[in-house]
Amino acid sequence: MTILIDADGCPVVDITVRIAVKHKIDCIILCDTAHFLEKPGAKTITVSKGADSVDFALVNMVKPGDIVVIQDYGLAAMCLARRAVPINQNGMVYTNSNIDALLNERHTSKKIRMAGGRLKGPSKRTAEQDAAFEHKLRELI
Numbered sequence: 000m001t002i003l004i005d006a007d008g009c010p011v012v013d014i015t016v017r018i019a020v021k022h023k024i025d026c027i028i029l030c031d032t033a034h035f036l037e038k039p040g041a042k043t044i045t046v047s048k049g050a051d052s053v054d055f056a057l058v059n060m061v062k063p064g065d066i067v068v069i070q071d072y073g074l075a076a077m078c079l080a081r082r083a084v085p086i087n088q089n090g091m092v093y094t095n096s097n098i099d100a101l102l103n104e105r106h107t108s109k110k111i112r113m114a115g116g117r118l119k120g121p122s123k124r125t126a127e128q129d130a131a132f133e134h135k136l137r138e139l140i
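For the sequence shown, the positions run 0 to 140 when numbering that gives the first Met the number 0 is used.
Think of the hints as simulated: they come from the structure by calculation, not from any bench.
Careful, some of the hints might be misleading.
[Said to hold, decoys possible] Okay, derived cross-link-like pairs now, DSSO-like style, lysine-lysine, Cα gap no bigger than 30 Å in a straight line:
#1 K119 - K135
#2 K135 - K38
#3 K48 - K110
#4 K21 - K135
#5 K42 - K123
#6 K123 - K21
#7 K62 - K38
#8 K123 - K48
#9 K123 - K109
#10 K62 - K21
#11 K38 - K23
#12 K62 - K48
#13 K109 - K48
#14 K135 - K23
#15 K110 - K123
#16 K23 - K62
#17 K135 - K109
#18 K135 - K123
#19 K48 - K38
#20 K62 - K42
#21 K135 - K42
#22 K23 - K42
#23 K38 - K21
#24 K135 - K62
#25 K42 - K21
#26 K48 - K119
#27 K119 - K109
#28 K38 - K123
Could you build the full structure based on these sequences and the hints that come with them?
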């Protein structure tokens, strides 16, 4: 098992690396040249900046049973197809049972934005969200 992190804009990189190191699990941080991150105990792979460049690199590396920390529903669907276990920054595990509804929600939101509508952005990150993520990641391990 390896833990892969789509680190561009990911608020739980430090938590993930700390847990991976504690459990002696290989951890790979993927980011583009605009978001270079280096953390002791993890390998960093930096790809060229570009739309979805990190996503494509990640999905080409992921193997069955890997844990993938991501926020993107589309990438989560691709990881599920590769039999990995995708989890978001709040501890929600993406599954074959919930991914279709999430992708539909993303599509609907995009249609609203394209029509000129506005959607409320995410609220400020809380300690409870970090705790929920940490609990779920430890459970998956």
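Can the restraint linking K135 and K109 be considered satisfied, given a maximum Cα separation of 30 Å? holds, 29 Å
Practice problem: Compare the distance between the alpha carbons of K62 and K42 with 30 Å, and conclude whether the hinted pair is satisfied. | Solution: Answer holds: K62 to K42 is near 17 Å, not above 30 Å.
Tell me if the straight-line CA distance from K21 to K135 falls inside 30 Å.
Roughly 15 Å between the alpha carbons, so the hint for K21 and K135 holds.
Starting from K135, check that the Cα of K38 is at most 30 Å away, please. holds, 22 Å
Between K123 and K109, does the CA-CA distance stay at or below 30 Å? holds, 22 Å
- Does the alpha-carbon distance linking K123 and K21 stay inside the 30 Å limit? holds, 28 Å
task: Would you check the hint for K135 and K123, treating anything up to 30 Å between C-alpha atoms as holding?
output: holds, 20 Å
Proposed proximity, K38 with K48 (alpha carbon, max 30 Å):
holds, 20 Å
* K38 and K21: Cα distance at most 30 Å? -> holds, 14 Å
Quick one, are K23 and K42 close enough, alpha carbons at most 30 Å? Answer holds: K23 to K42 is near 13 Å, not above 30 Å.
30 Å limit on alpha-carbon distance, applied to hinted pair K62 and K21: holds, 22 Å
*Take the C-alpha atoms of K48 and K119, compute the straight-line distance between them, and say whether it is at most 30 Å.*
Holds, at about 27 Å.
Checked against the numbered hints listed earlier, the structure breaks none of them; every hint is satisfied.
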